[in-house]
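Below, each chain spelled out in residue letters.
Protein chains: 6
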Amino acid sequence: MKKETFGILGFPWDGGASLGRPGARFAPQGIREAYKWFENRIEDNQVYDVDKRKLYTLHENSIIDYGDIDIVAYSTEKTFANAKNKVTEMLTNDVFPFVLGGDHSISYPIIEALHDNTEGKIGIIQFDAHLDLVDDSPVQGKFSQSSQMRRAIELERISPEHVVQIGVRSFNYPWYANYLNEVGVVQYTARDVHSRDPKEIISEILNDKLKEVDYIYLTFDMDVLEPGFAPGTGANEPGGLTVVQAFSMLEELYDKVDVFDIAEVNPLYDVREITTSIAAKIMFECAVSRLSKK
Amino acid sequence: MKKETFGILGFPWDGGASLGRPGARFAPQGIREAYKWFENRIEDNQVYDVDKRKLYTLHENSIIDYGDIDIVAYSTEKTFANAKNKVTEMLTNDVFPFVLGGDHSISYPIIEALHDNTEGKIGIIQFDAHLDLVDDSPVQGKFSQSSQMRRAIELERISPEHVVQIGVRSFNYPWYANYLNEVGVVQYTARDVHSRDPKEIISEILNDKLKEVDYIYLTFDMDVLEPGFAPGTGANEPGGLTVVQAFSMLEELYDKVDVFDIAEVNPLYDVREITTSIAAKIMFECAVSRLSKK
Amino acid sequence: MKKETFGILGFPWDGGASLGRPGARFAPQGIREAYKWFENRIEDNQVYDVDKRKLYTLHENSIIDYGDIDIVAYSTEKTFANAKNKVTEMLTNDVFPFVLGGDHSISYPIIEALHDNTEGKIGIIQFDAHLDLVDDSPVQGKFSQSSQMRRAIELERISPEHVVQIGVRSFNYPWYANYLNEVGVVQYTARDVHSRDPKEIISEILNDKLKEVDYIYLTFDMDVLEPGFAPGTGANEPGGLTVVQAFSMLEELYDKVDVFDIAEVNPLYDVREITTSIAAKIMFECAVSRLSKK
Amino acid sequence: MKKETFGILGFPWDGGASLGRPGARFAPQGIREAYKWFENRIEDNQVYDVDKRKLYTLHENSIIDYGDIDIVAYSTEKTFANAKNKVTEMLTNDVFPFVLGGDHSISYPIIEALHDNTEGKIGIIQFDAHLDLVDDSPVQGKFSQSSQMRRAIELERISPEHVVQIGVRSFNYPWYANYLNEVGVVQYTARDVHSRDPKEIISEILNDKLKEVDYIYLTFDMDVLEPGFAPGTGANEPGGLTVVQAFSMLEELYDKVDVFDIAEVNPLYDVREITTSIAAKIMFECAVSRLSKK
Amino acid sequence: MKKETFGILGFPWDGGASLGRPGARFAPQGIREAYKWFENRIEDNQVYDVDKRKLYTLHENSIIDYGDIDIVAYSTEKTFANAKNKVTEMLTNDVFPFVLGGDHSISYPIIEALHDNTEGKIGIIQFDAHLDLVDDSPVQGKFSQSSQMRRAIELERISPEHVVQIGVRSFNYPWYANYLNEVGVVQYTARDVHSRDPKEIISEILNDKLKEVDYIYLTFDMDVLEPGFAPGTGANEPGGLTVVQAFSMLEELYDKVDVFDIAEVNPLYDVREITTSIAAKIMFECAVSRLSKK
Amino acid sequence: MKKETFGILGFPWDGGASLGRPGARFAPQGIREAYKWFENRIEDNQVYDVDKRKLYTLHENSIIDYGDIDIVAYSTEKTFANAKNKVTEMLTNDVFPFVLGGDHSISYPIIEALHDNTEGKIGIIQFDAHLDLVDDSPVQGKFSQSSQMRRAIELERISPEHVVQIGVRSFNYPWYANYLNEVGVVQYTARDVHSRDPKEIISEILNDKLKEVDYIYLTFDMDVLEPGFAPGTGANEPGGLTVVQAFSMLEELYDKVDVFDIAEVNPLYDVREITTSIAAKIMFECAVSRLSKK
Ligand SMILES: [Mn+2]
Ligand SMILES: [Mn+2]
Ligand SMILES: [Mn+2]
Ligand SMILES: [Mn+2]
Ligand SMILES: [Mn+2]
Ligand SMILES: [Mn+2]
Ligand SMILES: [Mn+2]
Ligand SMILES: [Mn+2]
Ligand SMILES: [Mn+2]
Ligand SMILES: [Mn+2]
Ligand SMILES: [Mn+2]
Ligand SMILES: [Mn+2]
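Residue numbers (this note's numbering), protein chains in the order written: chain A, 1 to 294; chain B, 1 to 294; chain C, 1 to 294; chain D, 1 to 294; chain E, 1 to 294; chain F, 1 to 294.
None of these hints come from the bench; they were simulated from the model. You may find that some hints are simply not true.
Which copy is meant is left open, so a pair is good if it fits within one copy or across any two.
[Claimed, not checked] Computed list of lysine-lysine pairs in DSS-like fashion (alpha-carbon distance at most 30 Å, straight line):
{"#": "1", "residue 1": "K52", "residue 2": "K142"}
{"#": "2", "residue 1": "K142", "residue 2": "K54"}
{"#": "3", "residue 1": "K199", "residue 2": "K78"}
{"#": "4", "residue 1": "K199", "residue 2": "K256"}
{"#": "5", "residue 1": "K121", "residue 2": "K36"}
If we strip away everything but chain A, and leave its shape as in the complex, we get:
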């Protein structure tokens, strides 16, 4: 996978947060603000990674902020069309889309853009406390933060067995028992992550579960983390991942994925910008990892 431009795209939409808490609309602004702290370390296109004891040299002008998707507040349909168009444009121009949601509903139009602009199989790696595989509901409809994965596997070249969920936990609707059995989505529960080596899980995913896919879409729902580590998100699901587990798994993926979105960061519920700074750190690590000249 070649080194493209790293394109930051804000998707300030929380119209799909119909069960949880509103406020993810403020995430792109919040994450960008926190991102300055990291970006400030770049001088002459170089930055030093303390943990890896390594100097990275980036391409000139390789991190570009594409602004925010035009929100049409009263219409999911129009907003999602705008999103799909924008991401299509980035993909066409060999720009790597790093998308800042928004509630988790935002993933679907972006996945659709990747799907419709490529050929071959697409795998999805989803970090999430939740499954987001609800088909439809009277309150939430078909395009909410609970349904984007269901919509995704309805796409032609996205097979359920190529959807990998990491960090899922807690309880869910009983129909999931049969559904999951039949559909074959791959799950590494939070319990699995706590009891195994996180890097080994990623290795198993890349080398086994997704070894046949041509593209990988990575979506990171911030609620995959334990609430105490990341309070600014859409729901409390105790028993979540530590920041260290998440970073450890993500760094094996930064170079391997074709689109990346972070969803469910909610600055209205955040504490001291802790959660936006985690998102910003992920964005920066991903950029540095992808862009540095080898």
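Based on the hints, put chains B, C, D, E and F with the ligands in the right spot on chain A.
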């Protein structure tokens, strides 16, 4: 106007808060919680008003909570239809609707219900920092928190001269200059309220401006108050009314209006439930004022 | 009334806050902390009053902190006995007790101490949103924040007509209608304060209502203020006094009273120490007013 | 142990929080609110456990909310009598009591109820940062949040060697050195938990330490967790358990215990309902674990 | 006074906040953020003033943001030199400086710039709870938030009688009694403002007190307002001005002053951006008032 | 190393927090407040360590609070001179200085005091997310929170190879790559701590890296911890140490160090005193460990 049942109806919708802050969806729950503090003073259908040094006796079972309007989170249209139906049902049954928004967009379907279930002229008294007379906008559409008054005056028997805005202030779009001139909406700016006797203003409204209307719809946007007095709302507009000014005007209206809504209470931004307690106090004063046997 | 020592006494008890919010136990510490801001202006026993354009010279060592009353957390009886003893000791030594509650239940043992250590009639001036005249209740008992005034008027030389309540408002239990009629407590409602000259009210109280009493006990329940001005208190009662109204009335009383308590400051609910700073300002103004050499 | 009804009982008492922070009185309401998030996943008496990949079928109407214990705010004695009566009633009716405190003093009347309504030996498993074995103190008395375990081991059939404390840490009064030596309470310190396999500890407790008891009382003081994970509690004791450690140990106990209480959840100090959601999750897991048909 | 360019200049310095609270460094960013809410109402250089019922047409590009003064965090001297240079540059280019502090120490270098770039007498109008006339102190030195007015009257053409302080209150050091007598600074205390017509005070200042000056410097310390109205500031001084009083006085001054600064806005202590929105409103009103074509 | 007096010294300076957040000036007060919780467990100079199951007997009057360093707010130079003098005095009197910052700039004058009052080699152990080795910067100068370690290694008997940084992480300026290579500072990154046994790291430091030094200075920057565990600090750097890791390493050092400072505790950003309580626990553990009679 006879004493009907006082019907509390929650309208937990903030899908129209497309410029301001989300969170008004939590207002009905928050106001109801604060309301218990006041309601707890009723014993055997009686309550004592300290300020007026007066004992009120209410009708048996005259305050009834009709629950919340069914929200269809992904569809303004369906949600507003649910709201209109519910309010229609209440009006048909001689129930006085006291509606707890929600962002200010919620007024329109309720106004429409009043309009379509009555004959004769309807006047509207709107307490608000803002005008909410925007026709349409690419981001907000036609049914947002900025447009409900525009939609209202498009209804057949609601004349702009029968729309009275109290507490409006600050700056607005330049097209308002001509528009207001032409359309003839009545305005008592915040500045007017600060420099006149509030009760006299209400008297002027009832006896002059609205003397020809058959019904009065009262909508109270919490942002009409100075932010320091009511922080839990959709936007800061310094220069607003005091709580005492608002209460003083409202008490002249409780008995005179046919529908009442409180909008733009936002518990996500509230401080120590101060704002929800103001809304609850208004609801309780209105109920006591309307229901007590003379 | 001669210039005694000004004795600060903490009463960190919120065991009587059985309907409202706990946390008044932290008030003495919070008020003392805020008080440093004012006290710091004293140099060589002198301080300049900016508003009055006047230099005050205090007696040497005339403001003394007597620490906190020993709290016996599990026993109202023992705690109140400790309080009564301590205040008795101060009164015996010609120390003016300025008591920092605590929820409003704290007033009773202090009133009792004044009563039992004096002869002649005692009047009480109570700034409060509430009446606190409940006799007994299954949940709160007879010595809660709702009953201390009832207990006070049961004392031999405290006549209900010599109890003056300022700022009372909102709704209360229906039995109050008859009770107030019969018992003859004097009330200046919040509405009265808003519509009259505050200083004139105080003048009427001192020269008329309480002209026959020998001692005056002043109790200031912080919830007499509008919640936006003083959020750190036990309950929200919108429609309250402004800080300026309260200060204006209090300054006519500082020199005239024999014991002063401030109750229902609740730092757990305060915002930026706003409420504790109001209490501290009152304490300092009272001290300066009483102690300065004429 | 057969599957009884799972009875939720609120015990909104913080009169025993005489050293720590008040506010645990709001815990039952807060936990119930957070519980809705989990309960909402039940459909037709079934729920799917994502972590265990297992469908649970509950008995019809097997989770019943018994409301709150009647609080007599001014009397520990009367309140505790009410509690003991209520729990006795539940035990008599084969209802499993899941009690929501309240500060930790609430455990004693419930333990007493279990003790007085059973025969045979009772063991207690206490998750706590603290020991709560204080006999008496001038400020706190004998029935505070620091003494309930001392009171418990004074009961006839509760031997100190059958009291197991998990997660205890930090410093304590010097008399504890001798006392602990003599009395023989079993302790797994936080340090022990951090350095051993948590499940193995529970196994050791069930199969060895408590192998002779006939009944097990489980009390979970929320401060056993690290403050960053559960800020809404009565005191900060850094060095605590992780949420994952706690869940891992608790799930081995849900089926084995006869009464369960959660204490020291304090919504006044909570952040974004993180702590109440942990309590609610424990309650739900316990219910599902106990009630599901095998 | 001709209509110049309106130049916004940030001065994010709180190195002078040596007695009060740090955080005013964040004010320029916060005020600019809040300002967008007002600025958004401008279309085609026009904006409608709701309170005045008037359409304003601004000059093209007449509001220009000059960014922030370069802060040299470790040196008051260097930072103030930067400030003086920047303001000198603006004055030289006929730009009206609207400066966003910073703690109140920031006024001095700006006053100095006005002084050194003009001839003739300069008057200063200072809205403040405090006097800020301290000469020197061991902790604060000579250039803190407590001394900038003292430094100002040491300048050649700034006479103490041309310094007008509005809203001063509370207590201060005893040496102020003599000092104020001697030096002749003009004061309208908070008490004066509460008891007189605010506009009349301004008229008296412009037509009498400052009738001989050639230039007017206006400095607005946010703590002049009552803390409940503007919590985000450097100190609590209860008894302050209302927002309405302040706006009413300021609007008489917008056109009459030569430099304007707002100081002591402190976003770290603000609540819901209430205080920054007041500052932003003042900035916008000033801009509209000065820039509109007559 | 003999058991000296344990001297607590506050250093309420945040003038060096020129990139990060102000507020560390409030840390000494906050930590002392939190410390009371732990100190309260001492009776008759004894305290029981629950985790270690051990009774400690302290020397009489061995923990002494030396108050705060005199801050000269406008001058780093004067403030640091005061600090150096004060610490020199403590060292001369065989008092162990436990210093409560302040931002991290405070370490330099204390290190200098140790250096200038001893002979022989000095090693430094620095817990920190950051390197703090910046030489100079236009904004921060040479004595900020980013430079104190650079200043330290300029001292004659402090060799860079004797500076050990623990917990460093994230990204930094590119010049660090060469600089670190050349200068030879020892680093155990956060990643190292997460993947190794923390106690083994300390053992390696004491027995190998610092085996030749005569004195050890320990500085603990609170941001070494994961933000969710310690929110009240100067910057968010996700990926940090757990509290348990930190405590585990520190307890191996308490007896081995000659001066100890805790920096970057920031109560303005803290949540429920969580962070100050961690600092207080460290202080207490250090005191108990050093002072107890063996
Ligand atoms: Mn999701
Ligand atoms: Mn999720
Ligand atoms: Mn509105
Ligand atoms: Mn509005
Ligand atoms: Mn009261
Ligand atoms: Mn009250
Ligand atoms: Mn406990
Ligand atoms: Mn505990
Ligand atoms: Mn000032
Ligand atoms: Mn000031
Ligand atoms: Mn550092
Ligand atoms: Mn650091």
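Checked hints:
{"no.": "1", "hint": "K52 to K142", "in the structure": "between (43 Å within a copy, 27 Å between copies)"}
{"no.": "2", "hint": "K142 to K54", "in the structure": "between (46 Å within a copy, 26 Å between copies)"}
{"no.": "3", "hint": "K199 to K78", "in the structure": "neither (40 Å within a copy, 47 Å between copies)"}
{"no.": "4", "hint": "K199 to K256", "in the structure": "within (14 Å within a copy, 36 Å between copies)"}
{"no.": "5", "hint": "K121 to K36", "in the structure": "neither (36 Å within a copy, 40 Å between copies)"}
Hint check: violations occur at hints 3, 5; the rest are consistent with the structure.
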